[in-house]
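2 protein chains.
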Amino acid sequence: MSIPVVDFWFDFGSTYSYPAAIRAPACAAKIGVSIRYRPFLLGPIFKAQGWDTSPFNIYEAKGRYMWRDLERVCAELSIPFRRPEPFPQDSLLAARVAIAGRNESWHDDYCRAVFRAQFGEGLRIDDTTVIAGILHRAGAPASWLEQAGSDDVKRVLRTETEQARQLGIFGAPSFITPDGELFWGNDRLDTALAWAKGTAAATA
Amino acid sequence: MSIPVVDFWFDFGSTYSYPAAIRAPACAAKIGVSIRYRPFLLGPIFKAQGWDTSPFNIYEAKGRYMWRDLERVCAELSIPFRRPEPFPQDSLLAARVAIAGRNESWHDDYCRAVFRAQFGEGLRIDDTTVIAGILHRAGAPASWLEQAGSDDVKRVLRTETEQARQLGIFGAPSFITPDGELFWGNDRLDTALAWAKGTAAATA
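Just so you know, the sequences run in chain order A and B.
According to our numbering, the first sequence is numbered sequentially starting from 1.
According to our numbering, the second sequence is numbered sequentially starting from 205.
There could be a bad hint or two in this list.
In silico DSS-like links for lysine-lysine, alpha-carbon gap of 27 Å or less [claimed, not checked]:
1) A/K197 <-> A/K30
2) A/K47 <-> A/K197
3) B/K251 <-> B/K266
4) B/K251 <-> A/K62
5) A/K47 <-> B/K234
6) A/K62 <-> B/K266
7) A/K30 <-> A/K47
8) B/K401 <-> B/K234
9) A/K47 <-> B/K266
10) A/K62 <-> B/K401
11) A/K197 <-> B/K401
12) B/K358 <-> B/K251
13) A/K30 <-> B/K251
Label pairs and their calculated CB-CB ranges [claimed, not checked]:
14) A/S34 <-> B/A279: 20 to 30 Å
15) B/G236 <-> A/I58: 31 to 41 Å
16) B/P290 <-> A/Q147: 51 to 61 Å
17) A/K47 <-> B/E308: 47 to 57 Å
18) B/D294 <-> A/S78: 41 to 51 Å
19) A/E60 <-> B/N307: 27 to 37 Å
20) A/R64 <-> B/E280: 25 to 35 Å
21) A/Q163 <-> B/A279: 20 to 30 Å
22) A/E60 <-> B/E308: 31 to 41 Å
23) B/A230 <-> A/T53: 39 to 49 Å
24) A/D109 <-> B/Q367: 44 to 54 Å
For the record, the hints were derived by calculation from the structure and aren't laboratory data.
Glycine residues also receive a C-beta, built at the ideal position from the N, C-alpha and C atoms.
Model the full assembly from the supplied sequences, consistent with the hints where possible.
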């Protein structure tokens with residue numbers, strides 16, 4: 001019986017995607033499910049909803065709540081938290097590098113390291129030096145920064161974003177189970193994993 | 205040592221407040237915390253955010269997701285689910301009756317029964333007959349329907365709604381712990397209860 005795979009869709013600038021990305025591998029392994037990181041861009045999806053920035057900036061009370069809640073969530077997971085400035089960060093460069101390296105062994109470490117740099121250390125992920133440092137620590141040659149600028153990578157990132165929209169994704173993190181169920185939010189990660197495991201067992 | 209009380213703020217028309225209201229008493233009792241139902245009106249708070257209806261109606265993908273997710277949540281809790289029409293319901297009458305009876309023994313049963321009627325049976329909670337039936341089954345005389353129309357009740361409901369806004373509440377269900385921490389959403393109920401218990405223990 002093969003291990004069910006849950007797609008973990010996220011934008012690198014998404015706040016709650018940080019704790020979700022960090023804890024996902026252990027949660028998934030514990031329950032016997034595999035996760036696949038699928039970066040996309042929330043910007044075009046937000047724009048279609050009439051937003052030109054994060055809803056956490058547009059709706060003040062919601063934003064104030066989110067920052068306090070994220071602080072609590074990180075404390076509970078014992079992971080560092082530092083609010084990045086500006087928010088949201090431009091996640092295009094980070095996403096393109098991830099797409100370029102999507103079949104490489106360093107891909108998952110890189111994804112988590114981008115989140116840690118941004119929300120754990122308050123670094124800017126639109127800074128080429130920051131991304132180069134992350135690649136270096138993940139054991140990837142700096143040449144991936146150039147690959148990230150290729151037409152192919154740009155096309156794939158656009159396609160991934162369009163696919164996210166077509167799957168009904170409207171925020172991040174979002175999880176899609178093998179049978180197509182969507183779960184939204186860090187709080188729903190465990191439910192998504194249990195769903196994937198349960199339906200896999202039921203059809204085995 | 206006294207039992208900590210968590211305020212459970214909700215609008216009777218709020219979808220995720222239904223499972224939260226139903227499961228809250230057992231969750232709270234299990235952990236040694238007490239909950240207090242605090243109905244208010246989301247309408248004025250949404251209006252201040254520029255919305256003239258539920259965000260689940262304004263943002264189509266989010267709404268589609270919510271209905272499916274609510275169905276799954278109810279199935280997991282083994283509580284009935286039926287999507288009410290129209291959505292959102294006008295929750296003013298239901299809220300005024302709850303405010304009128306806020307110090308009565310039937311208050312909590314009434315609150316849960318309104319949610320069950322609406323989201324479990326698909327009934328209209330702006331229908332006086334529906335509310336009268338709920339009062340009757342909760343053992344409350346029908347005269348409470350008249351009390352609900354008093355100036356005092358109207359004033360208290362406005363005050364409660366304004367207090368919710370001042371507490372930073374922007375959606376429902378929302379939970380406020382004795383030390384003033386806000387937790388938003390059915391998914392965060394258990395965290396709010398644990399927080400209340402933990403800080404109470406720490407300061408005992």
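To see whether the hints hold, each was checked on the structure:
A threshold of 27 Å between alpha carbons decides the hint, and for A/K197 with A/K30 the separation of about 11 Å falls inside it, so the pair holds. Distance hint between A/K47 and A/K197 is unfulfilled; the C-alpha atoms sit about 35 Å from each other, more than 27 Å. Taking the CA atoms of B/K251 and B/K266, the gap is near 19 Å; set against the 27 Å cutoff, the hint holds. With a CA separation close to 14 Å, the supplied pair B/K251 and A/K62 stays within the 27 Å bound.
Note on A/K47 and B/K234: the hinted pairing is violated, with a Cα-Cα distance of about 44 Å set against a maximum of 27 Å. With a CA separation close to 16 Å, the supplied pair A/K62 and B/K266 stays within the 27 Å bound. For the proposed pair A/K30 and A/K47, the alpha carbon gap of about 37 Å is over 27 Å, so the pair is violated. Restraint check for B/K401 and B/K234: satisfied, since their Cα atoms lie roughly 11 Å apart, inside the 27 Å limit.
Distance check on the hinted pair: A/K47 and B/K266 sit about 14 Å apart at the alpha-carbon level, within 27 Å; holds. Restraint check: the Cα-Cα separation between A/K62 and B/K401 comes to about 25 Å, which is no more than 27 Å; the hinted pair holds. Taking the CA atoms of A/K197 and B/K401, the gap is about 32 Å. The hint is violated against a cut of 27 Å. Between the alpha carbons of B/K358 and B/K251 the distance comes to roughly 19 Å, so the proposed pair stays at or under 27 Å and holds.
Annotation: proposed proximity of A/K30 to B/K251 is violated, straight-line Cα distance about 44 Å (limit 27 Å). The hint said 20 to 30 Å for the Cβ distance between A/S34 and B/A279, and at roughly 25 Å that hint holds. Checked against the given bound of 31 to 41 Å, the beta carbons of B/G236 and A/I58, roughly 39 Å apart, stay inside it. Distance hint check: the CB atoms of B/P290 and A/Q147 are about 52 Å apart, consistent with the given range 51 to 61 Å.
In this structure the supplied range 47 to 57 Å holds for A/K47 paired with B/E308, their Cβ-Cβ distance being about 50 Å. Separated by about 46 Å at the C-beta atoms, B/D294 and A/S78 satisfy the suggested range of 41 to 51 Å. A/E60 and B/N307 have their C-beta atoms about 34 Å apart, which keeps the hinted 27 to 37 Å range intact. For the pair A/R64 and B/E280, the supplied restraint of 25 to 35 Å holds, since their beta-carbon distance comes to about 31 Å.
Range check, A/Q163 to B/A279: about 28 Å between beta-carbon atoms, so the 20 to 30 Å window is met. A beta carbon spacing of about 37 Å between A/E60 and B/E308 agrees with the range 31 to 41 Å that was offered as a hint. Distance hint for B/A230 and A/T53: a CB-CB separation of about 41 Å, consistent with the stated range 39 to 49 Å. With their beta carbons about 47 Å apart, A/D109 and B/Q367 fall inside the hinted range of 44 to 54 Å.
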